[in-house]
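Visitor: Respectively, the protein sequence lines represent chains A and S. Counting in our numbering, the first sequence runs from 1 upward without gaps. Counting in our numbering, the second sequence runs from 1 upward without gaps.
Simulated from the structure, these hints should not be mistaken for laboratory data. Just so you know, not all the hints are guaranteed correct.
Which residues of chain S face chain A? A few of them, derived with a C-beta cut under 7 Å, are [said to hold, decoys possible]:
#1 42
#2 65
#3 99
#4 100
Quick reminder that beta carbons are idealized off the backbone N, C-alpha and C, glycines included.
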Amino acid sequence: GENVEQHPSTLSVQEGDSAVIKCTYSDSASNYFPWYKQELGKGPQLIIDIRSNVGEKKDQRIAVTLNKTAKHFSLHITETQPEDSAVYFCAASWGNQFYFGTGTSLTVIP
Amino acid sequence: GAGVSQSPSNKVTEKGKDVELRCDPISGHTALYWYRQSLGQGLEFLIYFQGNSAPDKSGLPSDRFSAERTGGSVSTLTIQRTQQEDSAVYLCASSQTRYEQYFGPGTRLTVT
């Protein structure tokens with residue numbers, strides 16, 4: 001089955017700096033790669049996603065890049081703000097199956 | 001509009017008891033997923049419902065776990081004879097396509 005690895009597990013950045021979270025996947029059949037933000041006591045919230053026919057997607061301060069050859073994808077958050085502090089999960093999907101990484105706890109220091 | 005809701009938000013039960021967790025998906029969403037999230041871990045797929053098709057139960061960890069979805073809407077996850085290792089947050093998500101999933105707030109289950 002699919003195996004998704006996510007790094008780092010924790011990340012601290014100064015407000016205004018950029019944050020990068022990386023994930024790798026094993027199954028070349030995966031064709032959809034969402035990123036979720038989970039705040040304490042809440043369910044994950046989809047923040048951005050990318051499909052396998054696209055190499056990069058951007059939405060304001062958030063961007064995701066995908067390298068299908070290397071089977072890795074990354075989340076980039078620019079100009080970080082304290083409200084960006086949360087746990088971020090990546091996932092790789094094909095068909096109806098979703099495989100999640102183990103999460104990155106991001107802390108933005110004011 | 002209303003999002004995915006789950007009840008109860010917290011459940012404490014004694015080992016060996018049965019529990020039922022409820023999920024109300026977003027109206028019109030045909031797909032419904034159940035996941036388990038253990039402390040510090042990612043989301044573990046449990047079961048998937050799509051319309052009137054037979055559910056994909058491949059993620060259920062044992063035969064103590066079962067789920068049903070009535071009328072293509074509300075879903076109930078049942079855990080029989082609970083064990084301490086069942087303690088986790090149980091998340092439900094619904095989707096209108098096979099892509100964007102909308103998660104509920106979860107039910108935190110504690111087995112004592």
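Visitor: Evaluate each hint against the coordinates.
Guide: The hints, checked one at a time:
no.	hint	result
1	42	4 Å, holds
2	65	18 Å, violated
3	99	6 Å, holds
4	100	6 Å, holds
This entry does not satisfy hint 2, going by the numbered hints stated previously; all others are met.
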